[in-house]
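S.K.: Now for the letters of each chain:
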Amino acid sequence: MNWSLILGITITIITAFTVGMFYGGISRKVTARIQNRVGPPIWQNFLDVLKLYSKESAIHHGWMQHLGPLWAITASTATLMFVPILNNGQFYQNLNFSGDLIFLMYMMVFGQLGMALGAGQTGNPNSAIGVSRGLSQMVGYKVPWLLALVAIMVQYKATSITGLIELQNQIGWLMFASPFAFIAGLLAFIGMMHYSPFDIVFAPSELASGPPSEFGGKYLGLMMTSGSIFTFAKLVLFVDVFLGGASNILELLLKTFVIYMIPVIYGIVSPRYRTEQSIRYFWGWPTFFGVIGMLYAWYMIS
Amino acid sequence: MIEKKDSLAIGEYIKNFARKHSLFVLAYGTGCGAIEIPPTMTSRYDAERFGIRGAATPRQADVLLITGYLATKTLKRVIRVYEQMQDPKYVIGFGSCTINGGMYWDSYNTINSLDKYIPVDVFINGCMPRPEAVISGFVKLQEYIQEGKADGWRKYQNNIEEYRENQKRIIKNWRMPDYNL
Amino acid sequence: MMNSLFLLLFILFGSAILSYIGHRISETLGNIIVVVGAFSASIWFFVGFETPAEFSYKIADFDALWSFSSYSWIFAALVSILSPLALLYSTSYMKGKERLGTFYFNFFLSILGMIGITMSQDFISLFIFWEIMTWSSYLIVIYLGKDVEKVGIKYMIFSAIGAYALLMGIVLINREVGSLLIEDAFAYFPQIQFSTQLLIGILLLIGFSIKSAMMPLHVWAPGAYSNSPMSYTAVFSGALSKMGIYGLGLVFIRLLSSGEFTLINEIFAWAGAITTLMATFYAIIQDDAKKLLAYSSIGQLGYIIVGVAIGTELSIMAAIYLAILHAAFKGNLFMAIGAVEKQTGSTDMTLVTGLIRKMPLTFFSTLVSIIALAAVPPLGGFVGKWMLYQSLLASEHFFLIIVIFTASTAAFLYSFKILYSLFLGQEEPEFKNIKEAPLPMLIPMILLSLFLIVTGTFPGILFEPIANGMKYLGFNDVNWNMSLLVNAWGDEVNLQHVSMYIGTIFIVAFIFISLKNRKRTRYVTTKDISTSGEIPLPHENLSFKLNFYKPFERAISPVMKKTMDSIYDEIGNGLNALFQFIRYIYSGNGQGYALYVIIFFVLLLLLKNQIFGL
Amino acid sequence: MVIADPIYYIVLPLLTAFLLPLFGKLYKPLIGIIPGFVFLFLAYMSVILMIDIRPDNPIITKIAGWTPPFGINLVFSSFSGFIASLISIMGFLIWAYSYKFKKVGFDDSLKYFILLLLVVTGSIGIVLTGDIFNLFVFLEITGISAYALTALYRGRDGAEAAFKFLLIGAFASSMILLAIILLYTQVGTLNMAEISVRMHEVDLKIKVLIFILFFVGFGIEAEMFPLNGWVPDAYSQAPGPIAAVFAGMVAKAGIYALVRIIYLMFDLEGAFHLLLIMGVITMIIAEVVALRQEALRRMLAYSSIGQMGLIMIAFSFNTEQGVFAAIFLMFNHAIIKSLLFLTTSFLVYNTKTKLISDLDGFGKKMPLVSLLFGLGAFAIVGLPPFSGFWSKLYVLIAAANQHMEVIIALILSVSVVEIIYYFKVISRLYFRKASEEIPIQKPSLNSSIVMIVLGLIIISVGVYPDLITGLIENATTSLLNKDLYIEKILPGLAEIIN
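Residue numbers (the numbering used here), protein chains in the order written: chain A, 1 to 302; chain B, 1 to 181; chain C, 1 to 614; chain D, 1 to 498.
None of these hints come from the bench; they were simulated from the model. All figures in this text were calculated on a predicted structure; none of them were measured in a lab. Relax, there's no trap hidden among the hints.
Below, in silico cross-link-like pairs of lysine-lysine (DSBU-like), each with a Cα-Cα straight-line distance of 30 angstroms or less:
#, chain 1, residue 1, chain 2, residue 2
1, C, Lys-516, B, Lys-155
2, B, Lys-73, B, Lys-116
3, C, Lys-291, C, Lys-435
4, D, Lys-424, C, Lys-562
In silico negatives: residues of chain B with every beta carbon more than 12 angstroms from chain A:
#, residue
5, Ala-34
6, Ile-99
7, Asn-166
8, Asn-173
Heads up, incomplete: computed chain B residues facing chain C, CB under 7 angstroms, no partners named:
#, residue
9, Thr-57
10, Pro-58
11, Arg-77
12, Val-81
13, Gln-84
Just so it is clear, CB atoms sit at the ideal spot from N, CA and C, and this is done for glycine as well.
Bound conformation, chain A alone (with noise of 0.2 angstroms):
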């Protein structure tokens, strides 16, 4: 039993919650101010967490229902255990050389599958009709991301992050290494936040917030639990592919919160896709750059 390796993972969740919460709160500020409100208060997904938490009853519809969160953060946090934190973090380092990107690729996925099961068992339509878009739209925005991670790879000959990190101390940040992946990358990167226009899972005035819908309490607050972890997540994985990872927590810290305020404000003025717009959206400029990174990387390496 390795203590000190099980310590480093309740940290890490922690912090991933943390650091989570407080964009998600960041993020809703932002969108108050530019629309000229005040706005909550930025620790204020803490707050509705917890009332979620100390609600006093709950309901499901079965099994799958009951078991459909617990899959969602099962999922987050393994993501979160295979992305290395911090470059040189003794303290940070919980997993992360024993996965690598496709299994990342795959492990993503892992959670989305098990809420849409979970939302698929209340037999509420709007779960349904959400989970059909969501998942046309993972493909949508897999392809660019797919185009840039395996330009990347092929170019670099390494598919796990550790490796990515060490070789971007020498050569810096592949997003000025290879400049179209990262354009194909951060295109997906997007859409693969889910924020307008690119939210038609949740979209809330047409859906009653899709999936979710009939999540209530307790259940409710595992899930924003556990997207707040996932977000930090997939930041963290951004980060450590296209911006050299970080050394210490600030710059961590830094990194993550640029490239989380980019889908935030594009998504603050922008209006929401229908599902086939969106994927065509994601086959049309970022495959192109996502190609035109691949064949970039092709000419590099021959």
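Based on these hints, arrange chains B, C and D on the given structure of chain A.
M.R.: Relative to chain A, chains B, C and D alone:
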């Protein structure tokens, strides 16, 4: 049944603090009063300052906001929505109609006082109340929550027979399974 | 002399005959014979061969040799694990159907054919067993009598094309090599002149790839898979299609070993990738669960073809691993769908709904197989996919990996659709008193699910025989670990960490969420959903099934316009018109025939100089 | 073995045919029984003869003591003997099948058996004789009795078919006669062996002319395209067993004669090319047309034309493997196609219209017949483990060793067509619900036994082809070295002439 908790316990305090500062509102826009909700939520009066935000479905909501008169038909839906909400849950009666029927006090198909059918925690009077009044009502609700006095949902559970009686008196074709007990 | 190989075939054939007779007498007796025969055959296969047995003979002055190579042993093991389970399942699935004797006779014959293919070390007996397998499976495909003309004839035509391409290749090999032993063919093949090598290679590849449903030649598969009884489709898609993979492996790795054929490898790899993508898209838009699974099998076979065609060590390993795993989970899935069909009488995903609380074990096995299919860690499917992608990366097939990765992402769509539509969603009163599937159907599903769960964490269990088999293919030092994946660049995935972590977190979170205010957590029916206060009546179906992925269909509509089927139909119509025209040569008019004679005679007289070279 | 002499092949059936009416006067059932004994004896005799016949010791019978080249002689070599025994055994089986054939009334049965005996006589004569004119005579016997058999039902269609047959057959006989006359004027002998020795004296142009006449004439009997207009009608109008007779005997005799002419008498290289081309055309067109047939027996007729085309292709390679494959094909085709026709006659008899579309659900109504039909179909399209597969394989191997990839591809793609139409029938037989219940005439015991025997032959040869390959190899060698043949018939003649 549920014993009265000691509201000074620290855990209870924190819980109430959280509940108080994050109110997910399910605005049930029945009557004309619904028109006052958008200005309350949007930039002019920005209710989100107080952690008040709209909820999409009753499963996620904390506050049921009944804006205006309730026809007998509508009452059935309101009861169902209320029972689908998770405890603790609060009800705000909005406008005179929910208090005494208002200008519909002698109408054949509206109910006069909402309190007889589902427990109301805060009434906001006026026909119709302006957003300032709404917000002050919410603030009042928050105070009650903090003090632990906003326990309409407990009352509903304890005196369910009485409430059912009243409800069935109004709703003739009672075809509702018994929820949330 | 009673060779052990001979005995194996004898057991299978005997149980075929006996089960036919038994079913003529009474169904119970027949079922007993079926189960006993199947299990004794596979037990004999696993126990009876302590020494590598051989059986060589001459038939019509061709040398023939039966023995299991370490490579073909894998596929034989696949067959002899899957088929008894499917037969056990079948005894309950086929209860009350008519002509059961014929069904089981053909079932055993096709098993015999598969075993024979794997054990025959010469092309002639390979072809004989191949044909036996083909026609017996054809007889089962049209067994239920559903649109026999379209599906059955289509399957038979394509199988015949494949088999005859194979035969032509075999005949040419016989001419060039002078022997039909596979080893001789491998040995002397490089001496043949290049064009003949190319021709033979292409012919054999076509012959084998039709059975494994590669894209331009796949149109028989959806109908054939979905029309035959599910208990057979489990074997059909699970094991029988792998015979094509077996052959492809032999041809690609051993026969076309010299380096001049990389173009063919590329072509087949791309064909496999396109197969995967398109089949996945078609699976997404299906509304019948059988059809969906049929298309998804085609897609999965596409991955395997890619792996075989790339031909590096890791990719072959991935391909064989995926082949074994696909046999497990797709057999499991077809069995589960068959159970649903047996219990509810339909597999239409727009009708059947909300079976999870009626058939929990079926749902469990479906869920496990779906997770394995979708390659979600920590189940086995991920391992195969991972190795495949790594081999593609290492061999620098960049766009190939994009295509198949996109396909595997799109596979989530139909994976969710089949789970959601059949098992989740609204629970309708018409399915109120559905029972769980009977035990003979459950046992195979549960066993296969356990197999999938174990192989996810400890793929080494399968790597060991695969490594042996790859010695036969010429990869002598395949290094493998019990539960650690390592790619060409030394990056690794530690599956034990993965599953340990996932298990731990899952259990912790489960305890938390189940214990937290447990008293006031209640189960409510699926009618109690937030429908803005409305009360859904019992007959109101609120589940969203029809056109489940309509937006996605709209997005991919440009590539779905022209299907392969329509092209083949056009070709067929054209040929029919031509034949009809030729048919009128025989006008039925005596004088006309007489005239033909005169004309022929005169023509010969006129052309005699050209013919006889005067 | 005194009684075993090829002469009986000719004499016995002929005599019986003439005496049969008298027997009929004596005691009516004899009509059915006597031919049976004749056929049985012939079959038994052919077994005895085939046992110790080798390529190097053909049995040569001199009729009336005249030695060749002056007298007529019968040659029972491994090849001719093989075909002759095949024909006689088929004759016995067909008698056993049909001696209580329901549809034939009594007076018809008299004609039927007389004509059957005559057909057998003629075909065996064609096979055995060593004399070209004698061959012509036997051809006429076969042809005329075949015309009569075609019209046995006295129906309008039967008459029409018989007339077409007669019309085209007349062309055949006249051309062959003309060819024989020309040949006689050139070489001054009618003995095939001597002709083949003296052939080099003949001027090439006249030789070619003679060959073309023979080719067309025998091509008509051998169902070669475009000379086979008579085949579909004759096959579909004649009684069921007679169709089997045509497929099993007449066509075989025709192709035998053609091959005998080409291999023995004419050493023309172009002849083989011509045979190849015509074989390919015949096969392709026949199979393609068979695909579009609605009537079952017409379909079978066209399919047997296709098989004849395949046999021609195999013969045209002029190699040992080719001839081996061809003889194997002749054997298989005789057995399998007879089985198909015999089963079909029951199937068709129980349908109102003779269309394939009426066969729905016969698998339940007539299980045995349908099963045997399916067996025959599987065998004829060449699916292992049935006998048809081996012959097809040998043809392909022969073609491959001739480096004829295109021919292989053609043969195989035509086999795909074959599969399509045969499996249409099978799927209708078994996997369709019966349309309406009509009373079924079950096959009588003897017919069933005959069909089962044929089926058993198919399976056993398919599982263990070495049963038959030995005989076929002997036949091949005896066909291929004609010097041995000449030497045996006319000792020393070759040296005298050259």
